[in-house]
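With the sequences and hints as input, model every part of the structure.
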Amino acid sequence: MSEALAELRGVSRVYQKGKERVDVLHELDLDIPGGDFLAIMGPSGSGKTTLLNLLGGLDRPTNGTVTVGGAELSSMSNNQLSNWRATHVGFVFQFYNLLPVLTAQKNVELPLLLTNFNARERAERAAIALDIVGLSDRARHLPRELSGGQEQRVAIARAIVSDPTLLLCDEPTGDLDRGTADEILGLLQILNREHGKTIVMVTHDAQAAEFATRTLHVDKGQLESRAAA
Amino acid sequence: MKYFGLIWHNVWRKKIRTSLTILSVLVAFLLFALLNAVGQAMSTGGATTGAARLVVVDKVTIINFLPRSYQNKIAQVPGVAAVSHQSWFGGFYQDSRNQFPQFPVVPDEYLALYPEFVLPDEQLQAWKRNRTGAIIGRDLAELYELKIGDRIPIQSTIFTNKDGGRTWEFDIEGIFDTTDPKGGTAVLLFHYDYFAESNTFGDGFVGWYTLRLADGADPVEVANAIDEQFANSPNETRTSTEAAFAASFAKQFGNIALIVRMILGAVFFTLLLVAGNTMSQSVRERIAELAVLKTVGFRDGTVLGIVLTESILIMAIGGVLGLGLGWLAAQAIGSAMAMFVPGGIVISADIILLAIAVMIAAGLLSGVFPAVKAMRLSIVDALARG
Ligand SMILES: Nc1ncnc2c1ncn2[C@@H]1O[C@H](COP(=O)(O)OP(=O)(O)O)[C@@H](O)[C@H]1O
Ligand SMILES: [Mg+2]
Numbered sequence: 000m001s002e003a004l005a006e007l008r009g010v011s012r013v014y015q016k017g018k019e020r021v022d023v024l025h026e027l028d029l030d031i032p033g034g035d036f037l038a039i040m041g042p043s044g045s046g047k048t049t050l051l052n053l054l055g056g057l058d059r060p061t062n063g064t065v066t067v068g069g070a071e072l073s074s075m076s077n078n079q080l081s082n083w084r085a086t087h088v089g090f091v092f093q094f095y096n097l098l099p100v101l102t103a104q105k106n107v108e109l110p111l112l113l114t115n116f117n118a119r120e121r122a123e124r125a126a127i128a129l130d131i132v133g134l135s136d137r138a139r140h141l142p143r144e145l146s147g148g149q150e151q152r153v154a155i156a157r158a159i160v161s162d163p164t165l166l167l168c169d170e171p172t173g174d175l176d177r178g179t180a181d182e183i184l185g186l187l188q189i190l191n192r193e194h195g196k197t198i199v200m201v202t203h204d205a206q207a208a209e210f211a212t213r214t215l216h217v218d219k220g221q222l223e224s225r226a227a228a
Numbered sequence: 000m001k002y003f004g005l006i007w008h009n010v011w012r013k014k015i016r017t018s019l020t021i022l023s024v025l026v027a028f029l030l031f032a033l034l035n036a037v038g039q040a041m042s043t044g045g046a047t048t049g050a051a052r053l054v055v056v057d058k059v060t061i062i063n064f065l066p067r068s069y070q071n072k073i074a075q076v077p078g079v080a081a082v083s084h085q086s087w088f089g090g091f092y093q094d095s096r097n098q099f100p101q102f103p104v105v106p107d108e109y110l111a112l113y114p115e116f117v118l119p120d121e122q123l124q125a126w127k128r129n130r131t132g133a134i135i136g137r138d139l140a141e142l143y144e145l146k147i148g149d150r151i152p153i154q155s156t157i158f159t160n161k162d163g164g165r166t167w168e169f170d171i172e173g174i175f176d177t178t179d180p181k182g183g184t185a186v187l188l189f190h191y192d193y194f195a196e197s198n199t200f201g202d203g204f205v206g207w208y209t210l211r212l213a214d215g216a217d218p219v220e221v222a223n224a225i226d227e228q229f230a231n232s233p234n235e236t237r238t239s240t241e242a243a244f245a246a247s248f249a250k251q252f253g254n255i256a257l258i259v260r261m262i263l264g265a266v267f268f269t270l271l272l273v274a275g276n277t278m279s280q281s282v283r284e285r286i287a288e289l290a291v292l293k294t295v296g297f298r299d300g301t302v303l304g305i306v307l308t309e310s311i312l313i314m315a316i317g318g319v320l321g322l323g324l325g326w327l328a329a330q331a332i333g334s335a336m337a338m339f340v341p342g343g344i345v346i347s348a349d350i351i352l353l354a355i356a357v358m359i360a361a362g363l364l365s366g367v368f369p370a371v372k373a374m375r376l377s378i379v380d381a382l383a384r385g
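Heads up: the protein sequence lines correspond to chains B and R, in order. Numbering of the first sequence is given in numbering that gives the first Met the number 0, commencing with residue 0 and proceeding in unit increments. Numbering of the second sequence is given in numbering that gives the first Met the number 0, commencing with residue 0 and proceeding in unit increments.
The hints are simulated quantities; they were obtained by calculation from the structure and are not laboratory data. As the structure is a prediction and not an experimental result, all values here were calculated from the model. In this text, a Cβ means the ideal position worked out from N, Cα and C, and glycines have one as well. If a hint is listed, it holds; no wrong ones were tucked in.
Dumping the calculated EDC-like pairs for lysine to aspartate or glutamate here, alpha-carbon to alpha-carbon at most 16 Å:
1) 58/R / 227/R
2) 13/R / 288/R
3) 72/R / 226/R
4) 16/B / 380/R
5) 1/R / 120/B
6) 219/B / 22/B
Not everything, but these chain R residues come out facing chain B in the computed CB check (under 7 Å):
7) 1
8) 8
9) 9
10) 12
11) 287
12) 288
13) 291
14) 294
15) 295
16) 296
17) 298
18) 378
19) 379
Now the stretches of chain B that chain R is said to cover, found in silico as 3 or more residues with beta-carbon under 8 Å:
20) 52–60
21) 98–110
Following this line, the structure appears as C-alpha cells:
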C-alpha cells in the first residue's frame with residue numbers, strides 16, 4: 000500500500016446547504032497505485048466529482064488526508080496547491096472547457112505559461128501533445144471549429160502537456176456519441192499503457208468503465224468494488 | 000509578457016462590445032486632451048507668459064480705466080524698475096470674427112518691459128516717426144498675410160475717433176518676433192499719443208499698468224505698497240503677477256477651468272460605468288474559463304492581474320486613440336482660433352502624462368470589482384455551474 004501514488008485516508012466531505020448538512024463522502028479510504036486506470040461509477044449526486052476534486056487538489060476534505068505522490072494536499076496553502084496542480088495533475092472535463100478565444104495550439108500551451116519554457120519550447124511541447132492525441136492538423140483551429148470529439152482531444156492534450164503523472168477525467172465521454180466516446184477512451188487507454196499515466200475516470204457509463212483496469216462504485220459516501228468486467 | 004496573447008484575445012472576445020467601449024474611452028480622452036489643452040492655452044493667455052512682471056488693474060474690475068497720473072506714482076514705489084501701460088482697444092480686422100488684441104502703448108517704454116519682443120531697429124525708428132504707425136507680431140502677420148507698408152483698418156468696439164467713426168487706420172511699420180517659445184505674437188501695438196488725441200473720451204486714462212521689478216525686489220511687498228498708495232482713492236488698484244492677471248482676464252469669459260473639470264468629471268464618471276460594466280459582463284460570461292485557468296495552476300493573484308490588465312488595456316487602446324485624435328483636432332482648432340490662442344492649442348507633455356495616469360487609474364477602477372470576483376472564484380462551484 001505504500002506503493003500507492005494516491006492515498007485517501009478517512010476522507011469525509013460535508014457540504015452545508017443552508018441549514019442542511021450533506022454528508023457527501025464519509026470516512027472513505029482509497030489507494031491508487033501508479034499506472035492504475037481506475038473507473039469510478041455511481042449515481043448522479045453520489046459524490047464522484049467531489050472525490051475527483053479532492054484527488055486533484057481543487058477541494059479540501061472536511062476530515063481525513065489526501066496524499067498524492069508523497070505530498071499531503073490537505074496541508075498545502077492555496078498557492079502551493081496551484082503550483083502542485085500545474086506540474087502533477089491534468090484535468091479532463093465533460094464539457095471540454097477549452098478557452099473559446101484561443102486556438103487548439105494555444106489552449107494546449109496554456110498550462111506551460113506557468114513554466115519557465117520560452118515561447119518556442121512551449122510551442123514544441125504543445126505540438127507533441129497534439130500529435131499524441133492525433134490532432135496536429137487542427138492546431139490553428141478555434142474550439143468552435145472543432146467537433147466534440149476533437150475538442151475533447153485538445154482538452155486531453157492540454158491535460159498531458161506538462162507531463163503530469165495523474166490524469167483526472169470527469170465524465171470525459173458524457174457529451175459524446177458511442178463511436179467518438181470509444182475513440183476517446185481508447186486514447187486514454189494508450190496514455191495509460193504506453194505513456195504510463197495514472198488515470199482516474201468518473202463515468203456513469205458501464206461500457207466506458209470497461210476501458211479501465213478496475214472499477215469502484217460510490218455508494219452512501221463510501222467506495223465499494225463489484226465484479227469488474 | 001507571456002500572458003499577453005491570452006489577455007489580448009480575451010479583450011476581443013466580444014468584438015462589438017469591446018469596440019463600443021473603446022469608442023467611449025476614445026471620446027473621453029479626446030475631450031480630456033482638448034479641454035485641458037484649451038484650458039492651458041487660455042490660462043497662459045494672450046501674448047506673454049512673463050512672471051517677473053506685475054500688473055496693476057482697477058480693484059473692482061479690469062474693465063475700469065486707471066488715471067494716467069498713476070504712472071509716475073507707481074514708478075516711485077521702491078522696487079519698481081520700469082513701468083508702462085496698455086489699454087484694451089477691442090478691435091477687429093475686416094470681420095468681427097477676426098479679433099485679436101490691440102494695445103495703444105508708448106513704444107520705448109513698452110518694449111523695454113517686454114524684452115522678449117524683438118523688432119529690427121530701423122522698423123522701430125520708422126514706427127516712432129509715424130504717428131499712425133503700428134507694429135504687429137509675426138503670428139498676426141502670417142494669419143492675415145500682412146506686410147510692412149500695408150495700411151489696415153481696425154474697427155474698435157469701444158472707441159470712437161474724432162471723425163465720429165470707429166474705424167482706425169494704421170500703417171504697418173514693423174513686424175516683431177518673440178524669444179519666448181511659449182509666447183504668441185498675435186498682437187497689434189500702436190501709439191498711445193495718437194490714441195489719446197484721437198479718441199472721444201480724452202487722454203487722461205489707461206487700461207492697466209505693467210511694471211518690472213528691480214533685482215531682488217519682493218513682488219508681494221511691491222504689490223502691497225502700490226495698492227496701499229491708491230487705497231481710498233476713487234480708483235483703487237489691485238496688483239498681481241502677470242500670470243495671475245492673465246488668469247483673471249480669462250475669468251471674464253467664465254470660469255473655464257471649473258467648467259472643464261465638471262465636464263471631464265461627468266465624462267469620466269460615465270466612462271467608469273461603461274467600462275466597469277463591460278468588464279463585469281466579460282468576467283460573468285467566462286466563469287468556467289477562469290475556473291479552468293485556476294484548475295491548470297494559475298494562482299488567484301495571477302487571475303486578478305490578468306483581468307486588471309485587460310481592463311487597463313481597453314483604457315490604453317481607447318486612450319491612445321483619443322489622444323491621437325485630440326492632437327489632430329488641436330491642430331485644426333488651433334489654427335482656426337489662432338487670434339484667441341496665439342500660442343496654438345498644444346497637447347503638452349503634462350497633459351499626455353496626466354492622461355496616461357488617468358488611463359491606468361480608470362483601468363484599475365473599472366476592473367477592480369470584476370477582477371476581485373475572478374480572483375475569489377471557487378473552482379469547484381464554478382465548474383459545477385459550468
Ligand atoms: N459546492 C457545493 N455546495 C453544496 N453542495 C454540493 C456542492 N458540490 C456538490 N454538492 C452536493 O454534493 C453531492 C455530490 O455532488 P457531486 O460530487 O457533484 O456528485 P456527482 O459528481 O457524483 O454527480 C450532491 O448532492 C451535490 O448537490
Ligand atoms: Mg459529477
